[in-house]
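> The chain contents come next:
Protein chains: 2
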Amino acid sequence: MSKSLPSLADLQQQHQAFIDAKLSLDITRGKPSSEQLALADTIDGILSGNYKSSDGTDTRNYGGLDGLAAAKALGAELLDVPASQVLVGGNASLTLMYQTLSFKRMFDERWKGDIKFLCPVPGYDRHFAICEELGIDMINIDMTVEGPDLNAIKAQLEADSSIRGIWCVPKYQNPTGITFSDACVTGLVELAKQYDFDIFWDNAYAVHHFDPNDVDELLSIWQEAERLNAVDHLWCYASTSKITHAGSGLAFLAASTTNLSWFKARLGIASIGPDKVNQERHIRFFTQHTSLEQHMARHAAILKPRVDCVLNTLSESLGHIDGCRWDTPKGGYFITFYGPEGTASRIAQLAGEAGVKLTPAGATHPYGKDPKDQVIRIAPSFPTLEELEQAMQVFCVAAQIAIAE
Amino acid sequence: MSKSLPSLADLQQQHQAFIDAKLSLDITRGKPSSEQLALADTIDGILSGNYKSSDGTDTRNYGGLDGLAAAKALGAELLDVPASQVLVGGNASLTLMYQTLSFKRMFDERWKGDIKFLCPVPGYDRHFAICEELGIDMINIDMTVEGPDLNAIKAQLEADSSIRGIWCVPKYQNPTGITFSDACVTGLVELAKQYDFDIFWDNAYAVHHFDPNDVDELLSIWQEAERLNAVDHLWCYASTSKITHAGSGLAFLAASTTNLSWFKARLGIASIGPDKVNQERHIRFFTQHTSLEQHMARHAAILKPRVDCVLNTLSESLGHIDGCRWDTPKGGYFITFYGPEGTASRIAQLAGEAGVKLTPAGATHPYGKDPKDQVIRIAPSFPTLEELEQAMQVFCVAAQIAIAE
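Protein chains in written order, with the working numbering: chain A, 1 to 405; chain B, 1001 to 1405.
In isolation and in its complexed conformation, chain A is listed as follows:
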């Protein structure tokens, strides 16, 4: 059912009013708000001068390449894997991903020369940037409501033997918010085994629900990979960046014993070991201060009104306009808006003129190229609710103008 748009003249008048108001709003990046960050502010000082871990380790000194046992257990909880398979890194899972791909590129013969990655789109720009930096060609794979399109993947694998990996954000995907179905998880493992490529499983939003009573369930890919004897095709990542403090959290890698031992041999050359003091802070925080579940419920309470604001504004202004759609995720950090083909760049341009910074159209696709120019990622977490409301008004007017034009 299509609703008619306001007249272009009316829209342009509204747009001009926003320009005159000299707004400066930013809904580009998935950054937690100050309010969210403050939930973890007791983490500095939580050690009370006792730097010993429960296993006796002096966290202040060198050593312990793969992390404290209790920190591994935290990673295991996030990733739904055995703690023995977890390595605790620094403050960014992105760094662990870059390290995995760059180590592979440098030291794995099968990764030399012209190789390719499958990239579900829309997806996470920083994944694509790693491939581009390392000279790994990228193939777009459309996201369906169940996850990446397995038939499209299979067709690519049949046609091309140089595919070595796939990027996945399996839960509350960045940016669609979609959680992969059980069939999709199993299908990916089967294909990885059959066609000998690796799955890079960036489970960044494993516990990041908008409402603790209405959550998506993700099938454990680790268990599936074990069942199908394919754990060597799996690299899993998570972090506490959107749990405690964004820039000073813990990152986790989980992999098979073979892969982990190979990775550690490489990492041992590049590192004197992770920051164990910060690991111990996180361990104490989630044992003494709060549980992970309680803590994430507090995040949800802050995020949900923002997400509702975006969804409600979109519904009101663009709900019945042909060619406009979006998903209604139950978690994560983003809402993805799909406009009619050829409108995304223009929407971003119009919003920018009115002082609202949007993620550059195309950023959700490899090489920054959205072939249909229709996807815009909206990140509602960082602004205040009032700022967000204003930004979404601007967004909707910009979208209406772009469509009317």
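Some clues are possibly wrong.
[To be verified] Okay, the calculated bits of chain B under chain A, using three or more residues with CB under 8 Å as the criterion:
no.	segment
1	1026-1035
2	1044-1054
3	1093-1101
4	1128-1136
5	1201-1207
6	1238-1252
7	1266-1275
[To be verified] Short, incomplete list of chain A residues facing chain B, as computed with Cβ under 7 Å:
no.	residue
8	41
9	45
10	47
11	50
12	61
13	245
14	330
[What the hints assert, rightly or not] Computed spacing ranges between beta-carbons, pair by pair:
no.	chain 1	residue 1	chain 2	residue 2	range
15	B	1194	A	155	54 to 60 Å
16	A	48	B	1035	17 to 23 Å
17	B	1008	A	229	55 to 61 Å
18	B	1342	A	190	57 to 63 Å
19	A	212	B	1110	39 to 45 Å
20	A	137	B	1155	43 to 49 Å
21	B	1158	A	24	58 to 64 Å
22	B	1386	A	227	52 to 58 Å
Since the hints were derived computationally from the structure, they do not count as laboratory data. Note that the Cβ used here is the ideal one computed from N, Cα and C, for glycine as well.
Following the hints, position chain B against chain A.
Using the frame of chain A, we list chain B on its own:
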């Protein structure tokens, strides 16, 4: 003047007594002692819930690839460079070094294929490990009392156009404790410019004196490089690993504007930015709690008796034995013992049998091969003074046996 050794039988009896005592001592790695680490224990909690940096940055959130301004200033003080040229990394300068070399290897055409590094010996095993990992061939350059032998370097450069870099620990060198002379610093810059290679200047012990009233002065290589228009040949590193807490300090890279901008373009793909909360802790520690100078004087007071213990024991037991020598550094973390040729492995073996772990003979040389088998690095910082005295007794008996044999 040569002093005669005790009889081999006497020595073997002493050795057996040590074996019977079932010692378990370790003088292998340059790890700070608990007493030293405790000097910085107020660093956790120093923020008192205020995570804002003096420039207004919310240190908890993402961003700021090159670090907080005040953290850069701390790095600049350590490295004797302008703060504008400093990037603040994670908890390890080794990681910044690995990143520099691996980025160069992957993305700099001049670093592809068969290339070589000059390696002053004895030197730091982890530098050599990076080269080995990245397939960079290493050429030994002997250390003199003024630093690496410039004539030997020049001869290599004349003979070989594939040399791309040199590793240097210019102050209180690891492991000799030697500080490079002014002529050596200037000479290195001149050669780097003339022969187009880079200097990797690991100034790990810039302020790590054993006695604040008796220190070595190092000529500023940055100023020399600017004077000679050669800053693009310079990569400088430092960290607070042996200043605050070994595993959770800050690392620093200083480089020319061109090099820094290239490095940041690469790093931006691999990182979401450094841990700014930990940077802010360090900033507050060195503004509110103590000065860097006062703090290092406290380290010196703990280290000096240990260093004296090693030097005194060596003098007493091996002081006048032909072929034995060592340097008497004014700072750093090591004392290097040179035995007669062909004895180092045997000394390490005998000490190990008596429960004293020494750095594997050869570890101070590329590929783990000390061509004369005569260098042993002694690390006195970690054990208690009592343990160290015992370990040195064992060491000297082991050395005497190896020489007597």
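> All the hints need checking, so say for each whether the structure fits it.
Going down the list of hints, with the structure as the test:
Against chain A, the segment 1026-1035 of chain B contributes 4 residues with a C-beta closer than 8 Å to a partner C-beta. That satisfies the three-residue criterion, and the hint holds. With 7 residues carrying a beta carbon less than 8 Å from a beta carbon of chain A, the segment 1044-1054 of chain B meets the three-residue requirement, and the given coverage holds. Residue count for the segment 1093-1101 of chain B with a Cβ under 8 Å from a Cβ of chain A: 4. That meets the three needed, and the coverage hint holds. Counting residues of the segment 1128-1136 of chain B whose C-beta sits closer than 8 Å to any C-beta of chain A gives 4, which meets the bar of three, so the coverage hint holds.
Chain A is given as covering the segment 1201-1207 of chain B, and this is violated because 0 residues of the stretch bring a CB closer than 8 Å to a CB of that chain, at least three being needed. With a cut-off of 8 Å between beta carbons, the segment 1238-1252 of chain B has 5 residues touching chain A; three or more are needed, and the interface restraint holds. Counting residues of the segment 1266-1275 of chain B whose beta carbon lies closer than 8 Å to any beta carbon of chain A gives 8, which reaches the threshold of three, so the coverage claim holds. For the restraint placing residue 41 of chain A at the interface with chain B, the shortest Cβ-Cβ distance is roughly 6 Å, inside the 7 Å limit, so the hint holds.
The interface hint given for residue 45 of chain A holds, since its Cβ lies 3 Å from the closest Cβ of chain B, which is under the 7 Å cut-off. Interface hint at residue 47 of chain A: satisfied, since its Cβ lies 5 Å from the closest Cβ of chain B, which is below the 7 Å cut-off. Given hint, residue 50 of chain A at the interface with chain B, is violated; its Cβ is 9 Å from that chain's nearest Cβ, farther than 7 Å. Among the interface hints, the one on residue 61 of chain A holds; its C-beta lies about 5 Å from the nearest C-beta in chain B, closer than the 7 Å criterion.
Taking 7 Å as the C-beta contact cut-off toward chain B, the hint placing residue 245 of chain A at the interface holds, the least distance being around 4 Å. A least Cβ separation of about 24 Å between residue 330 of chain A and chain B goes past the 7 Å threshold, and the interface hint is therefore violated. Checked against the hint of 54 to 60 Å, the pair residue 1194 of chain B and residue 155 of chain A passes, with Cβ atoms roughly 57 Å apart. In this structure the supplied range 17 to 23 Å holds for residue 48 of chain A paired with residue 1035 of chain B, their Cβ-Cβ distance being about 20 Å.
Between residue 1008 of chain B and residue 229 of chain A the Cβ separation comes to about 60 Å, which falls inside the hinted range of 55 to 61 Å. Taken as a hint, the range 57 to 63 Å holds for the pair residue 1342 of chain B and residue 190 of chain A, whose Cβ atoms sit roughly 60 Å apart. Hint check: residue 212 of chain A to residue 1110 of chain B, Cβ distance near 55 Å, so the stated range 39 to 45 Å is violated. One distance hint, 43 to 49 Å for the beta-carbon pair residue 137 of chain A and residue 1155 of chain B, holds here, with the actual separation near 45 Å.
Between residue 1158 of chain B and residue 24 of chain A the C-beta distance comes to about 60 Å, which sits within the given range of 58 to 64 Å. In this structure, residue 1386 of chain B and residue 227 of chain A meet the distance hint of 52 to 58 Å, their C-beta atoms being roughly 56 Å apart.
Of the numbered hints listed earlier, those contradicted by the structure are 5, 11, 14 and 19.
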